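*Asks:* So the chains spell out like this:
2 protein chains.
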Amino acid sequence: MFDRQELIKKLSIKTDSKIVLLVMDGVGGLPDETGGSALDRAHKPNLDNLAKKSELGLSIPVALGITPGSGPAHLSLFGYDPLKYDIGRGILEALGIDVNVEKRDLVARGNFATIEGNIVKDRRAGRPATEVTIKACEYLSKRIKSIKGVDIHFYPGKEHRFVLKLTGDGLDDRLTDADPQKEGSPIRYTEPLTKESERTAEIVNTLLDEIKETLKDYHPMNFALLRGFSKYPVLPQMQDVYKLAPAAIASYPMYRGLAKLVGMNVLKVGMTVKDEFDLLEKEFKNYDFFYIHIKKTDSYGEDGNIQNKVRVIEEVDAQIPRLLSLNPDVIVVTGDHSTPAVLKGHSWHPNPFLLYSKCGREDEGRAFNENECVKGTLGMFYAVDAMSLMMAYALKLKKYGA
Amino acid sequence: MFDRQELIKKLSIKTDSKIVLLVMDGVGGLPDETGGSALDRAHKPNLDNLAKKSELGLSIPVALGITPGSGPAHLSLFGYDPLKYDIGRGILEALGIDVNVEKRDLVARGNFATIEGNIVKDRRAGRPATEVTIKACEYLSKRIKSIKGVDIHFYPGKEHRFVLKLTGDGLDDRLTDADPQKEGSPIRYTEPLTKESERTAEIVNTLLDEIKETLKDYHPMNFALLRGFSKYPVLPQMQDVYKLAPAAIASYPMYRGLAKLVGMNVLKVGMTVKDEFDLLEKEFKNYDFFYIHIKKTDSYGEDGNIQNKVRVIEEVDAQIPRLLSLNPDVIVVTGDHSTPAVLKGHSWHPNPFLLYSKCGREDEGRAFNENECVKGTLGMFYAVDAMSLMMAYALKLKKYGA
Chain A
1 MFDRQELIKK LSIKTDSKIV LLVMDGVGGL PDETGGSALD RAHKPNLDNL AKKSELGLSI
61 PVALGITPGS GPAHLSLFGY DPLKYDIGRG ILEALGIDVN VEKRDLVARG NFATIEGNIV
121 KDRRAGRPAT EVTIKACEYL SKRIKSIKGV DIHFYPGKEH RFVLKLTGDG LDDRLTDADP
181 QKEGSPIRYT EPLTKESERT AEIVNTLLDE IKETLKDYHP MNFALLRGFS KYPVLPQMQD
241 VYKLAPAAIA SYPMYRGLAK LVGMNVLKVG MTVKDEFDLL EKEFKNYDFF YIHIKKTDSY
301 GEDGNIQNKV RVIEEVDAQI PRLLSLNPDV IVVTGDHSTP AVLKGHSWHP NPFLLYSKCG
361 REDEGRAFNE NECVKGTLGM FYAVDAMSLM MAYALKLKKY GA
Chain B
1 MFDRQELIKK LSIKTDSKIV LLVMDGVGGL PDETGGSALD RAHKPNLDNL AKKSELGLSI
61 PVALGITPGS GPAHLSLFGY DPLKYDIGRG ILEALGIDVN VEKRDLVARG NFATIEGNIV
121 KDRRAGRPAT EVTIKACEYL SKRIKSIKGV DIHFYPGKEH RFVLKLTGDG LDDRLTDADP
181 QKEGSPIRYT EPLTKESERT AEIVNTLLDE IKETLKDYHP MNFALLRGFS KYPVLPQMQD
241 VYKLAPAAIA SYPMYRGLAK LVGMNVLKVG MTVKDEFDLL EKEFKNYDFF YIHIKKTDSY
301 GEDGNIQNKV RVIEEVDAQI PRLLSLNPDV IVVTGDHSTP AVLKGHSWHP NPFLLYSKCG
361 REDEGRAFNE NECVKGTLGM FYAVDAMSLM MAYALKLKKY GA
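So the sequence lines, in the order shown, correspond to chains A and B. With this note's numbering, the residue at position 394 of the first sequence is 394, and numbering never jumps. With this note's numbering, the residue at position 52 of the second sequence is 52, and numbering never jumps.
Keep in mind that the hints were calculated from the coordinates and are not lab data. A few of these clues could be false.
Just the calculated beta-carbon pair ranges, DEER-fashion [as the list claims (entries may be wrong)]:
(1) A/Arg-104 to B/Asp-3: 50 to 58 Å
(2) B/Asp-3 to A/Arg-174: 57 to 65 Å
(3) B/Ile-13 to A/Asn-118: 22 to 30 Å
(4) A/Asn-118 to B/Lys-84: 42 to 50 Å
(5) B/Ala-245 to A/Asn-265: 50 to 58 Å
(6) A/Asp-209 to B/Lys-282: 55 to 63 Å
(7) A/Gln-181 to B/Asp-3: 53 to 61 Å
(8) A/Gly-170 to B/Lys-195: 30 to 38 Å
(9) A/Gln-181 to B/Lys-195: 25 to 33 Å
(10) A/Phe-2 to B/Lys-398: 22 to 30 Å
(11) B/Tyr-189 to A/Glu-198: 57 to 65 Å
(12) B/Ser-141 to A/Arg-174: 55 to 63 Å
Pairs of lysine-lysine, BS3-like flavour, derived with a Cα cap of 27 Å [as the list claims (entries may be wrong)]:
(13) B/Lys-212 to A/Lys-84
(14) A/Lys-375 to B/Lys-375
(15) A/Lys-121 to B/Lys-398
(16) A/Lys-182 to B/Lys-358
(17) B/Lys-358 to B/Lys-375
(18) A/Lys-260 to B/Lys-399
(19) A/Lys-195 to B/Lys-10
(20) B/Lys-14 to A/Lys-121
(21) A/Lys-231 to B/Lys-18
(22) B/Lys-52 to A/Lys-344
(23) A/Lys-84 to B/Lys-398
(24) B/Lys-53 to B/Lys-18
(25) B/Lys-165 to B/Lys-195
(26) A/Lys-9 to A/Lys-84
(27) B/Lys-9 to B/Lys-84
(28) B/Lys-135 to A/Lys-84
(29) A/Lys-231 to B/Lys-243
(30) A/Lys-145 to A/Lys-212
(31) A/Lys-344 to A/Lys-9
(32) A/Lys-182 to B/Lys-398
(33) B/Lys-243 to A/Lys-182
(34) A/Lys-212 to A/Lys-84
(35) A/Lys-344 to B/Lys-399
(36) A/Lys-18 to A/Lys-182
(37) B/Lys-375 to A/Lys-53
(38) A/Lys-52 to B/Lys-84
(39) B/Lys-10 to A/Lys-182
(40) B/Lys-375 to B/Lys-53
All figures in this text were calculated on a predicted structure; none of them were measured in a lab. All C-beta atoms, glycine included, are put in the ideal place defined by N, C-alpha and C.
With these hints in hand, go ahead and build the complete structure from the sequences.
*Replies:* Okay, structure coming up:
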């Protein structure tokens with residue numbers, strides 16, 4: 001089968017040209033009853049002016065009709081086939097709360113839960129406050145340190161959530177979830193899916209018994225459910241595939257983690273949009289590929305708050321002149337997936353995609369929004385091809401064949 | 001390799017939302033010398049009004065430049081890769097006239113024909129009335145009951161057509177057609193395409209000799225041509241893949257057969273467009289997916305009769321308000337393939353595709369025709385993705401990945 005990255009790896013060359021990939025998470029949307037999507041409504045003279053000088057199109061994150069999570073949606077944008085590289089939920093969760101994961105580690109998502117006897121009464125233990133979960137993780141960490149030579153760590157997440165990390169040799173992630181998924185069902189132990197994961201299953205199940213014993217008087221957080229067991233995935237590194245020196249400017253842990261997975265240098269940055277562009281200016285000379293991640297377009301989409309989504313787009317727009325004054329060779333502005341405020345969640349709708357370069361065709365798209373992108377010269381394409389396009393427009397790909 | 005149906009099967013969920021897929025067979029076309037395709041010329045205020053509120057696009061039935069038969073074109077629309085599932089015409093014809101086909105059976109399409117000596121004079125035996133063919137099948141059934149332990153059955157179809165069914169162990173469908181295709185040519189025996197089908201070929205050729213002997217005084221139906229040998233194909237069922245309760249409203253045998261193959265409940269319906277919409281109204285509460293098939297747009301395209309094709313489109317248009325008043329969550333109006341009257345046959349041109357839903361983008365397509373569909377937000381896509389789109393817009397797919 002055609003493997004894009006194998007091909008690109010053969011054709012890619014190191015040059016001085018610079019690429020900026022600006023991802024406004026979930027920026028694409030739908031019109032609501034008052035008319036217009038967030039991109040339609042935002043006052044964004046700089047982005048629209050850039051759109052006039054750019055080629056536009058629409059990118060399909062994974063496949064038509066498929067709504068992606070942030071993991072597959074971002075992998076796709078970085079040129080990784082999101083159906084080939086299926087990153088476990090445990091690892092995404094761990095990356096999301098800045099847990100340092102190494103090759104020997106096994107991680108899982110955890111929920112504190114309430115049980116009676118062996119029956120799961122509440123899968124979220126009454127949704128404790130995050131501070132309560134921090135305490136429970138400390139309590140467990142003091143009492144359960146290792147099992148059969150494997151080190152055990154608990155990291156608190158939001159509310160009832162935590163991340164479990166096991167560190168040791170020969171750990172295997174081919175395990176079923178230790179989570180009945182339904183309340184009123186008995187607790188469930190993990191089962192090995194292969195011979196090689198039997199020992200890991202045994203360790204995890206011993207751990208579950210120890211957690212149960214340790215938390216027996218810690219009502220309502222008297223048990224833990226574990227799912228999404230995953231090892232650190234080995235992905236081709238962007239330096240090898242694209243011959244790039246890539247940097248990530250992202251405030252939120254999960255995106256920092258994803259960037260790290262593909263080999264980017266993850267830079268330390270503050271939480272505001274302006275912080276991110278300040279850092280871009282400062283580091284511009286040091287790398288030739290920048291991934292800038294804007295989180296809040298997605299967050300407000302998920303909240304159903306179109307006004308605030310509009311405001312974030314306008315905030316980004318105000319930084320565009322600073323980006324342009326750095327004079328990158330290629331600028332892409334797009335989303336990883338759409339997050340229409342009317343749906344209050346991710347959706348399958350293709351992403352508006354803007355590609356500015358010195359060697360683009362002129363098209364009839366006059367603004368950066370869903371409808372104008374329909375008119376673009378880039379047409380509708382799979383997001384997994386976005387990196388090939390960026391590389392091509394930056395003149396970083398040799399000819400294929402003679 | 002990426003198998004759409006494997007992915008959709010993992011993501012699909014049962015919900016209350018309802019989908020209507022209205023297929024106007026061969027509806028796409030080409031302008032003729034007087035200007036405009038059938039869709040351009042038809043007065044269809046309801047479809048055009050629906051187009052204004054819908055997302056438009058163009059779907060490629062199989063691959064660019066490939067003209068499909070009805071089998072692959074429909075499989076594609078139902079989400080089945082038409083290059084992976086190659087359904088023999090024999091099976092389609094058999095299912096279409098309600099012949100019960102089991103796993104051991106081998107079926108073929110038959111024509112009663114007129115021969116002189118060994119030369120085929122009329123491949124359709126003067127197009128006998130259906131009642132005449134019913135009698136001929138009875139006549140044969142009484143005289144030919146089995147060959148070498150294999151049971152033989154003849155089932156009358158329309159006019160000169162019939163279906164042959166062989167029941168026995170080890171039957172194989174890798175056989176060439178026993179049909180010279182041209183009048184004036186000698187009759188042709190079937191040939192085995194593999195070692196394993198040699199015995200079946202022998203049985204079929206003995207049968208041909210017996211038919212010739214039995215019908216020798218049955219002029220003009222004094223021989224039979226056989227083609228499209230096929231065993232019952234095992235296809236994933238729509239209920240499993242999509243978690244749908246699907247129903248088919250189709251008057252013509254082949255389409256009823258196709259629908260049955262993929263697991264649809266094939267409803268009993270009259271022959272007119274109005275009959276089909278009457279039935280939709282009556283059964284709307286009982287299913288959550290409806291496939292409605294309109295045959296005559298294709299038939300008149302094949303006849304080169306653009307005026308009548310226009311008339312059928314207008315007839316369908318008149319029923320659209322009834323469809324809308326049922327308030328389905330997703331409506332798709334499209335063709336399976338194009339049938340331009342100027343070509344008097346199926347063609348490779350992409351199908352106009354209209355998708356109405358509550359969560360669509362607004363696009364600039366203002367009418368349901370070939371050119372307006374170019375402006376649509378759905379762009380150009382493979383028809384095999386149409387089901388994923390319908391499922392997504394009906395909110396019947398979970399998110400992929402975290």
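*Asks:* Are the hints correct? Go through all of them and say.
*Replies:* Now for the hints, and whether the structure bears them out:
Between A/Arg-104 and B/Asp-3 the beta carbons are some 33 Å apart, a value that contradicts the proposed interval 50 to 58 Å. Between B/Asp-3 and A/Arg-174, the C-beta spacing of about 21 Å breaks the proposed range 57 to 65 Å. Range check, B/Ile-13 to A/Asn-118: Cβ separation about 29 Å, and the 22 to 30 Å hint holds. In this structure the hint that A/Asn-118 and B/Lys-84 lie 42 to 50 Å apart at CB holds, the actual value being about 46 Å.
A hinted range of 50 to 58 Å holds for the C-beta pair B/Ala-245 and A/Asn-265, which are about 52 Å apart. Distance hint check: the CB atoms of A/Asp-209 and B/Lys-282 are about 58 Å apart, consistent with the given range 55 to 63 Å. Restraint check, A/Gln-181 to B/Asp-3: a C-beta distance of roughly 25 Å breaks the suggested window 53 to 61 Å. About 49 Å separates the C-beta atoms of A/Gly-170 and B/Lys-195, a value inconsistent with the hinted range of 30 to 38 Å.
As the Cβ distance of A/Gln-181 to B/Lys-195 is approximately 51 Å, the hint placing it in 25 to 33 Å is violated. One distance hint, 22 to 30 Å for the beta-carbon pair A/Phe-2 and B/Lys-398, holds here, with the actual separation near 28 Å. Separated by about 60 Å at the C-beta atoms, B/Tyr-189 and A/Glu-198 satisfy the suggested range of 57 to 65 Å. Checked against the hint of 55 to 63 Å, the C-beta distance between B/Ser-141 and A/Arg-174 comes to roughly 57 Å, which is consistent with it.
For the hint linking B/Lys-212 to A/Lys-84, the alpha-carbon distance of about 57 Å lies beyond 27 Å, and the restraint is violated. Taken as a hint, the A/Lys-375 and B/Lys-375 pair is honoured in the structure, with Cα atoms around 8 Å apart against an allowance of 27 Å. Between A/Lys-121 and B/Lys-398 the alpha-carbon distance is near 25 Å, which keeps this suggested pair within the 27 Å criterion. Simply put, A/Lys-182 and B/Lys-358 have alpha-carbon atoms about 31 Å apart, too far for the 27 Å limit, and the pair is violated.
For the given pair, B/Lys-358 sits about 20 Å from B/Lys-375 by alpha-carbon distance, which is consistent with the 27 Å threshold. A distance of roughly 24 Å separates the Cα atoms of A/Lys-260 and B/Lys-399; the hinted pair therefore holds under the 27 Å criterion. Distance restraint check for A/Lys-195 and B/Lys-10: the Cα-Cα separation of roughly 25 Å lies within the 27 Å cut-off, and the hinted pair is therefore satisfied. At roughly 25 Å between alpha-carbon atoms, B/Lys-14 and A/Lys-121 fall within 27 Å of each other, so this suggested pair holds.
Between A/Lys-231 and B/Lys-18 the CA atoms are separated by roughly 41 Å; this puts the pair beyond 27 Å, and the hint is violated. For the given pair, B/Lys-52 sits about 25 Å from A/Lys-344 by alpha-carbon distance, which is consistent with the 27 Å threshold. Proposed proximity of A/Lys-84 and B/Lys-398 is supported: the alpha carbons are some 19 Å apart, at most 27 Å. Proximity of B/Lys-53 to B/Lys-18 is assessed by CA-CA distance (about 18 Å); at most 27 Å being required, the pair is judged to hold.
Proposed proximity of B/Lys-165 and B/Lys-195 is supported: the alpha carbons are some 22 Å apart, at most 27 Å. At most 27 Å may separate the alpha-carbon atoms for a hinted pair to count; A/Lys-9 and A/Lys-84 meet this at roughly 17 Å. The hinted pair formed by B/Lys-9 and B/Lys-84 meets the criterion: a straight-line CA distance of about 17 Å does not exceed 27 Å. A hinted pair counts as satisfied when its Cα atoms are at most 27 Å apart, and B/Lys-135 with A/Lys-84 does not qualify at roughly 58 Å.
For the suggested pair A/Lys-231 and B/Lys-243, the alpha carbons sit about 32 Å apart, so the restraint of at most 27 Å is broken. A threshold of 27 Å between alpha carbons decides the hint, and for A/Lys-145 with A/Lys-212 the separation of about 15 Å falls inside it, so the pair holds. Proposed proximity of A/Lys-344 and A/Lys-9 is contradicted: the alpha carbons are some 39 Å apart, above 27 Å. For a cut-off of 27 Å, the pair hint linking A/Lys-182 to B/Lys-398 stands: about 18 Å separates their Cα positions.
Note on B/Lys-243 and A/Lys-182: the hinted pairing holds, with a Cα-Cα distance of about 20 Å set against a maximum of 27 Å. A distance of roughly 37 Å separates the Cα atoms of A/Lys-212 and A/Lys-84; the hinted pair therefore is violated under the 27 Å criterion. The hinted pair formed by A/Lys-344 and B/Lys-399 meets the criterion: a straight-line CA distance of about 13 Å does not exceed 27 Å. Distance hint between A/Lys-18 and A/Lys-182 is unfulfilled; the C-alpha atoms sit about 50 Å from each other, more than 27 Å.
The hinted pair formed by B/Lys-375 and A/Lys-53 meets the criterion: a straight-line CA distance of about 21 Å does not exceed 27 Å. In summary, the hint linking A/Lys-52 to B/Lys-84 is not supported, as the alpha carbons are separated by about 43 Å, beyond the 27 Å threshold. For the hint pairing B/Lys-10 with A/Lys-182, the CA-to-CA distance comes to about 19 Å; that is within 27 Å, so the pair holds. Distance hint between B/Lys-375 and B/Lys-53 is fulfilled; the C-alpha atoms sit about 14 Å from each other, no more than 27 Å.
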